[in-house]
Structure formats: structure tokens, C-alpha cells
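Construct all of the structure, not just a fragment, from the sequences and the given hints.
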Amino acid sequence: MARKKSDTGAARRGRPAAYDAETALRQATDTFWRAGYSGTSLDKIAAATGMSPPSLYAAFGNKHALYLEALARYWEMSLAATREALAGDHPLDEALMLAYEAALSIYFSGKGTARGCFVVGTAVTEVAEDAAIRGSVAAGLRAIDADFEARFRLAQERGELKATADPAALALLAAATMQTIAIRARAGARRADLRELARKAVGVICGK
Numbered sequence: 001m002a003r004k005k006s007d008t009g010a011a012r013r014g015r016p017a018a019y020d021a022e023t024a025l026r027q028a029t030d031t032f033w034r035a036g037y038s039g040t041s042l043d044k045i046a047a048a049t050g051m052s053p054p055s056l057y058a059a060f061g062n063k064h065a066l067y068l069e070a071l072a073r074y075w076e077m078s079l080a081a082t083r084e085a086l087a088g089d090h091p092l093d094e095a096l097m098l099a100y101e102a103a104l105s106i107y108f109s110g111k112g113t114a115r116g117c118f119v120v121g122t123a124v125t126e127v128a129e130d131a132a133i134r135g136s137v138a139a140g141l142r143a144i145d146a147d148f149e150a151r152f153r154l155a156q157e158r159g160e161l162k163a164t165a166d167p168a169a170l171a172l173l174a175a176a177t178m179q180t181i182a183i184r185a186r187a188g189a190r191r192a193d194l195r196e197l198a199r200k201a202v203g204v205i206c207g208k
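In my numbering, the protein residues as written are 1 to 208.
Please keep in mind that the hints were generated in silico from the structure rather than gathered at the bench. Model, not experiment: these values are computed from the prediction. Check the hints yourself; a few may be wrong.
[Unchecked claim] With a straight-line Cα cutoff of 25 Å, these simulated DSS-like cross-link-like pairs (lysine-lysine) come out:
hint : residue 1 : residue 2
1    : 44        : 63
2    : 200       : 162
3    : 44        : 111
4    : 208       : 162
Okay, here's the thing in C-alpha cells:
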């Protein structure tokens, strides 16, 4: 993918002749996050990035290709945040809360109303008809489940969980908690209430 692109027409209208592809992708992601995939036109993306539609096509391909790149980048960011939270030497309950706090930081990262999870807010509505988006969502969910399951298996080895505990089942519960927090954030729930929801879920998952 081209990282910089000259746009003679844009330059004539007073905009810079070169753009930063990373900044443009971030601005496009924000636009998708607000309005969803179907509700975001190429003209809206052009307005948000300051790029003309031909420049967007040259840099990223069509709207679908641009969205898939935005979705992939979001997965990278969110999975990295979860893995960092779970990777430390904290007790299991603290590690889980750190993962949920990391998620909340993402869900409440927009200006004004909480925007929730990019995947839940923009991709889930497209999966029935779009195989590429469906594949990305499915792969991301499998990765979340695997990350939680690995942490639960480690906790079991350390004696933080009973030997009879089912790490795979607990992972599904932990991931489902993260997803319901995302939905409720988008629906307007207060961050403090979502943090309390996470604490209660952690108590159930850890058997406290």
C-alpha cells in the first residue's frame, strides 16, 4: 500500500499534496466507528481525511478494502491491550479486571458519547452478507477466547482455580462479559456501572 500520494487537484484547492496514510486510516476508522460500514460513504471518508476519492482509491482501494484494513488494525490494537493485561504476574482476578479496564479505555476513547467496540458497532451487522468481514470477526473472537483460556490454564497451574475448572468454558464467559460491556457502553451505560459489572463477573468466574 502506498504510504504517500500526490494529489494535484487537492493541491490546487489548497490542501497538502501529500498525506500520512496512518493518519488517514485512523480518521477513516473514526468515521466508520461513528456511522457503521453501511452508513459511511466514500464522500464522508474523503471529508474526514481531507483526501479526494481518487486518492483514497489509490492508497487503500475501495471502501470495502479500507474498512477491512481498519477492522484488522482495530483487532491488533484491542488484542494487544488484552494480552498485555493478562500477561503480567497479577493474581487472576486483578488480571481480568485489567483486561476489562483496557477494553473500557477503548470503548470510551471517543469524544462525547461512548462508542463501544469497533467490531460490535460496525462489523457484526455485516457478517451475514460479507464473507471477508465474517472471517475477520470469527478470527478475532477465536483469538480473544484463546487468550483468556491460556490465562485460565496458567491460573489453574498456579492453584488460583480448582483442578476441576474448565478453562475453555471460563474463557467463553470472560469474552462474553467483554462483549456485553461493549454493547452497553455503546447504549449509553456509565463507565462506573460497567466497571462494577466487570467486577461482579470476575467474582463469578473466579469463584469468589
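> Okay, which hints does this one fail, numbers in order?
Replying inline: No numbers; nothing is violated.
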